[in-house]
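Protein chains in written order, with my numbering: chain A, 49 to 367; chain B, 2 to 346.
Treat the hints as calculated values from the structure; they're not laboratory data.
Pairwise CB distance ranges, derived in the manner of DEER restraints:
no.	chain 1	residue 1	chain 2	residue 2	range
1	B	Asn269	A	Arg301	56 to 64 Å
2	B	Phe29	A	Asn157	42 to 50 Å
3	B	Leu233	A	Glu140	33 to 41 Å
4	B	Ala40	A	Glu171	53 to 61 Å
5	A	Thr60	B	Arg257	16 to 24 Å
6	A	Asp175	B	Phe29	30 to 38 Å
7	A	Asp248	B	Ser265	45 to 53 Å
8	A	Thr50	B	Leu261	38 to 46 Å
9	B	Ser265	A	Ser263	49 to 57 Å
10	B	Trp345	A	Ala270	41 to 49 Å
11	A	Thr224	B	Arg257	38 to 46 Å
12	A	Thr60	B	Arg287	54 to 62 Å
13	B	Trp345	A	Gln280	50 to 58 Å
If the Cβ cut is set under 7 Å, some of the chain A residues that face chain B in the computed set are:
no.	residue
14	Asp123
15	Arg137
16	Leu150
Ideal Cβ positions, reconstructed from N, Cα and C, are used throughout, including at glycine.
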Amino acid sequence: MTAISVSGLRKTYPGRPPVEAVRGIDLTVRRGECFGVLGPNGAGKTTTIEILEGLLSPTAGRVEVFGMSWDTQADEIRQVIGISLQETRLAEKLSVLETVTLFRSFYRNGLEPHEAIRRVGLEDKTDAWIRDLSGGQKQRVAVATALIGRPQLLFLDEPTTGLDPASRRDLWGILTDFRSSGGTILLTTHYMDEAERLCDRVAIIDQGRILALDSPRQLIRALQADHVIELQVRPEGSDLSFLTDLESVEQVRDDGEAVCLSVAEPHIAIPRILEQLASRGLKLTGLTTRQASLEDVFVQLTGRHLNDRLPDRPPDSGG
Amino acid sequence: MSPFRQLLMSRIRLFLREPAAVFWVYAFPLVMVFSLGTAFRSQPVERVLVDVVRNSHAAEAAQALAESRLFRVTITDLPEAQRRLRIGRTELIVEKPHADPASVRYTFDPTRPGSLVARNAADDILQRAAGRRDVLAVTDIRSIQPGGRYIDFLIPGLIGMGLMGGGMWGVGFATVDLRIRKLLRRLLATPMKRSHFLGAMIISRMLFTIPEVFIIVLISRWFFSVQVQGDLSALFVVILGGAIQFSGIGLLVASRATTLETVSGLMNAVMIPMWIASGIFFSPDRFPDYLQPAIACLPLTPLIATLRQVMLEGAGLADITIGLGTIFTWGIVTFLLALKLFRWQ
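Isolated chain A (complex conformation) (with noise of 0.2 Å):
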């Protein structure tokens, strides 16, 4: 059974030149897993999330939610789905559960407030005012007022930007609680980490098209290649391309501060490569070996990095 499918999903922001956030994207999310959509900032992740919210109406493109469309059937909806928006800051002098409970009169069915702040683990601060809690106590909030009405399905968009590694691995805890109880999620992230512990299935976005879909297993397996040597030799800029020539080396990429090659069996390259350098002259300063992420996947598919990882970067200014 699907909870959201998507077709030929167009949207277009009127200006000279209109901006084309989002150019064509299909997709299916199932009933019960967890989907992930990544890409890096302005890649259009969050105008489709808000499509799929209802909070955005598209150029073009067909939209269904539990079979029901956002221009007949728009109330309903809202009655099964939760959000966390990508930026919200409630209102600071309200206390937590003043704010679920306001949640809470919105909704036909839902959760006790008191049992939505419990599943977020913030019993403790249950009369305390928003302004006085952290950045990551407040997401938690976020979510509670997401969980209230007893959602199939969650939309969150990227719900652990700007958080501490605590915080995201207790937010983290709360998603896999909320499927195993049976719920839907897609959330949107441009962690690679988020998306490869998270996601049953993920598809990875850029300017607005989907460049690929699938589990993240099967994305990074697809590499054909799926571990990372990284090298460092003297003297710097040297040009390595000879490697590619070796066996079991798949592709050779210039990083700038290490040369990475894509291996299939490192065991097999390594001593090669070794070989091959010393016979050139080249000296090694550094190697370091990795498993494939879906960083190499982006890497691949786009010829570029998901380069705003850093978690003290600006927030998504859209897009």
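Here the structure of chain A is known, so what remains is to put chain B in place on it, guided by the hints.
Using the frame of chain A, we list chain B on its own:
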């Protein structure tokens, strides 16, 4: 609990938890009433300042004038007296020439009402002191009309100003603040009814504004004996209408603004003409005739006029139907327009 009640409670809580807002809504109008009331309350008629030119006849004239209790008399040299007349420190210069004690010379500014009155009153006293006999028998009846003082005129104006400011700032600022926080967007993503939200914004404001206005009425009654001539139920209906009217206008002004700067600018642009022309501090009749139709179109004008009808002239509900109709129409039409134009995100 019902969503409307929850929204209303949230607004009330947020208001009460904002001490600055509570001050501006409740204390500020009272400060206005006290300061303006004290400045303009009817005082025992002040003595008029008169200068008598120093010479051998000065003491005699000064005594006659002082005994009347109408004047505060200063004896000074002519150049100093002229300087004081020029800067407004005295209203009149009286000089009995040394050479001709049977004459008197007045120097005054005929364009200053006080000056002219002082000249005539002083002349009266000096003529009588010199032996003039009045031929008509005179009876003075001093009749002070209730509601005729400036403070009586001012209080309905201040009430109108309070209703305008409370509605506009309260609804307008709160709305734009929610929009900036993207809370409007968050609420829109729930099944909340939009009319519940906008209704709660307006009703909560009325709950704050109406008591504020009645505090002004009570305070001005206790401290300045400003009476309400008409019945209180009529006054209540007018105040209710004014609160609805300016909440609606506030919502309309804020319906599309996305920054606090924009909304402040719009608010001031809307309110300044009314502060000046709608009759808060002085009657709009003072403006030239060709401006009167424009002034009548300002929403505060009928509100203050109707408040004065009830408070000063004792009008009942039946006498103010046109004014009330205008006031409520403003409120309803602006609310509906705001509902249509409102930008949720």
